[in-house]
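Chains as they are written, first to last, in the numbering used here: chain A, 1046 to 1415; chain B, -4 to 342; chain C, -17 to 307.
In short, the hints are calculated from the structure, not lab data. Some hints here could point you the wrong way.
Reference listing, derived: stretches of chain B covered by chain A, where coverage requires no fewer than 3 residues with Cβ under 8 Å from a Cβ of chain A [as the list claims (entries may be wrong)]:
{"#": "1", "region": "183 to 191"}
{"#": "2", "region": "260 to 273"}
A short, non-exhaustive set of chain B residues, derived as facing chain C with CB atoms under 7 Å [what the hints assert, rightly or not]:
{"#": "3", "residue": "T36"}
{"#": "4", "residue": "D116"}
{"#": "5", "residue": "S120"}
{"#": "6", "residue": "L124"}
All values derive from a computational prediction rather than experimental measurement. Even glycine gets a Cβ: it sits at the ideal position worked out from N, Cα and C.
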Amino acid sequence: MSSTPSSAEPGAVEQAPDDRNAAAASHPPDGGREPVLCVRHLRVEFPTRHATLVALDDVSFDIAPGEVLGVVGESGAGKSMTGNAVIRLLEPPGHIAGGEVRLAGRRIDDLAEEDFVPLRGRHIGMIFQDPLTSLNPLFSIGDQLVETIRAHLPMNEKQARERALALLREVGIPAPETRLDSYPHQFSGGMRQRVVIALALAAEPELIIADEPTTALDVSVQAQILALLKRVCAERGAAVMLVTHDMGVIAETADRVAVMYAGRLIEIGPVNEVIRRPQHPYSEGLMASIPGLAERRERLYQIEGAMPRLAAIPAGCAFNPRCPHAAERCRTERPELLPAGAGQAACWLHDPENPVARREAPQDTQEATR
Amino acid sequence: MSPTQPVQAGSNRSEVLLEASDLARHFDVSKPWLNRVLERTDKLTLKAVDGVSFTIRRGETLALVGESGCGKSTVARLIVGLYGLTRGRLVFDGQEISDLARRSGRRSAAIRQRFQMIFQDPYASLNPLWRVGTIIGEPLRFFRPEMSSVDRRRRVGELLEQVGMSAADANRYPHEFSGGQRQRISIARALANEPEFMVCDEPTSALDVSVQAQILNLMKDLQQEYGLTYLFISHDMAVVKHMADRIAVMYLGRIAEIAPSDQLFATPHHPYSRMLLAAVPSLEGEGRERTVIQGEVPNPVHPPSGCAFHPRCHHANERCKAEVPALIARSDGSEVACHAVEEGRLD
Amino acid sequence: MSQQPKPSESAAVAAPIAPKRPSRLRTFLDSDIVYSWQRQPVVILATLVTLTMFAGALFAPWIAPQNPFDPRQLELIDAFTPPLTTSDFTGNFYLLGSDSQGRDVFSAILYGSRISLLVGFAAVLFALALGTALGLMAGFRGGWRDALIMRIADVQLTFPSILMALLIFGVIRGFLPRSMHAEVAIIVLIIAIGLSDWVQYARAVRGATMVEKGKEYVQAARVIGLPDHRILFQHILPNVLRPVLVIGTIGLALAIIAEATLSFLGVGMPATQPSLGTLIRVGQDYMFSGEWWILLFPGVALLLLALSVNLLGDWLRDVLNPKLR
């Protein structure tokens, strides 16, 4: 805590340990490593005057120390909601209506607001899409860093300033001594996001929630920021929940990936497995609909229809009206996460007892893609 | 090139549909006069587009790619006459349209009804107070005032079905539809007058991937059916690869490289094209680290001297800092604006 | 499009056989506005007060026991009758008392709020029309027109609007022969208040116009080549009008108060055609001589009217434009 390993060669720690994938895939993780974040049966409701909308329904996952869990889904799938529920930034009238959230073994979803506030920043760092929402335009970034550090760590002004410098150096701000007194608007978009990362890391939190951290950035800068995020978190052993809609970002950053659909977690597993051999028909369709650089197809695979609105989620499996394999059971009975491939999928195709039959897809499906 | 092109009476069926030469658009981004005097600052000019030339052949898709601030959307707006040209010349199917921005109403109707534009934001591109039928019928009311309202309604229904919606949707309001459906409505409006040429400004970047696939497929189907010519603007290399026949890579208001799509993806020449391709996250790569590129796009108000890319380029020398490179055609069909490539320091 | 399968996307939203649409009344009663209204007792009360006062003003000739503007109906002998008293001389009942001319205060309030509301509505309409026109021009055309209009607005904003109204009122009156003053007082008042109040509408419209102008649906209309006037009136104007109408509701309360202030200062409605402000001015002379009702009741009426209209306007703004909150 006293000195940051800023002298470490960038890249030296970048490759993720190979054993992590294997360990992370088993669910729940073996007793030896307690997960940093443990979410069980999380349910978030939005009462409206017509009906109570269920924005998150029975979402469970773990994130191990040093692990990057990617949370993907299309707009309205509940991926940002999951992050916001963990840090309790749900917009009213939304509220957690069931389940539990544990941070390093300690239950945090039932804490009173004043007990929860100190967790933000100290134990959970946050990085949002627009760096300008996380930075106060009226204060220099040095002041903001020093204030954050001193709020959470027992340091005097001088020590905190030293640490702020070290952090800025670590996130790759050139000549940090001269930039410490600059204001957010004097930085470019990429540099601002680096400052936000420094700010999120300031108190050495165990968990970082990054919500679309690179969506507002150009591709060339995106790569820089993701590499940085991955490196600094690996160095500190911080767990990362990376929320994004971009499978490419997930593919190169995450260790495991959780796919969400209509407020439910429908598949979770090691990232390469989910991308190459998706087990849930929705993930399958999603992967196949992404245009790739490697090959050129006349037509992209398209999943017909659109994700249901929260007010009209179908009974049974939420994906059943769009699913090529849907059977009677899918329309009535909601599947739990079942072991599938190297991960888990919430789909009756994978029921060990009585699996629903896979229908041959009429169109070019995943076979054609890879 | 264009198998089912409905022959337009009297149109000159040349191979080249649109020719843009030396397009430039500068914006005055200075502070108000009083601030300038008090702060002793000069006028500031943003050269959003500065000397862009290309041709689009009938029936093909030319893509413009680049990062934010490279001027690709400005080029789109110059072509359809939303902005006036600061310099340069635009010829559409043999007709000069350089002054289109100053011509509105009936005087330009003959030329304007031959092209259309599709916008990025499906939530802002439809008038929220109008019914979908009125929105799609708007070009018809303007270009074909002689059309009866019954015929117009029938045509609107046809258009809606063509883009995969139902004719009954004409009676609904835009807010009742999802982003993907709104983009279909935009496309239906653009198709209303059977245009030959469509300028598509990031038509899918506000959409989810599965919806993007639907829209891209729809656009390809429409292109085949009507022999449409597309100018397709995007920042997403994978989408561009899927859609385009030829690709122009833009950087800070200029074209760095134009090449046939397969050519560009196989052997990019310009260092910036290489960088862009290397930066694309890949699903296939086995945990492949993207090549991390240093630096960011500079502020376009104060572009670097000479070749604007030189501060980020490993191959830059003194000449690159001083002299703006011109687009030079190569034997493989690509055109590249790079001193290093021209001199053979880089191939 | 033969190979294009019909996406169930549209089918899911628009069922093949459209379900029967609920009637307009049902839709309205089910809307968020009505829902919000029902849950706020203060707003309900404000609505009731406003409606009552509007009705009282509108039907004044049928409700009021006498026409306070008609000198022949005034019984001088009944002057200074206290409230809830039947006159010993004429047998007339004075609900809220009478003033020095024997004018029934209740009738005077009904007729007075009639004038207050008339001036208020007309002034707001005038300001709204002027402000919207200038704001549209400034926002849509930009350049020197924008600079000119907005600088005038800035200058005008440096004066309190009541001072502005006083000034305009004085200038207009200066051009009119003295004999016409009483007749055209109401029109002069409307123009003065309207002119002092256009700035906020112009600013709101200009801002909204610049936002709408940049939106892609306007650009789409431009690409088609629609002439400016069509873009302006068919696309932009309807879309900028809503925020302006909300400001107008709040502006109504302000205009009513402005009229009362001017009349109170003696430059508004003459005592022969009293508005609420005139009644208060007249009434204050008797405040310390025991005839308190002549001042109190018109004052309470003005307060209730301005307050409830203002509350309604605030509520409407919150409901229609949640982002402003």
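Hint-by-hint comparison with the structure:
{"no.": "1", "hint": "183 to 191", "verdict": "violated (count 0)"}
{"no.": "2", "hint": "260 to 273", "verdict": "holds (count 4)"}
{"no.": "3", "hint": "T36", "verdict": "19 Å, violated"}
{"no.": "4", "hint": "D116", "verdict": "6 Å, holds"}
{"no.": "5", "hint": "S120", "verdict": "4 Å, holds"}
{"no.": "6", "hint": "L124", "verdict": "5 Å, holds"}
Taken one by one, the earlier hints fail for this structure at numbers 1, 3, listed in ascending order.
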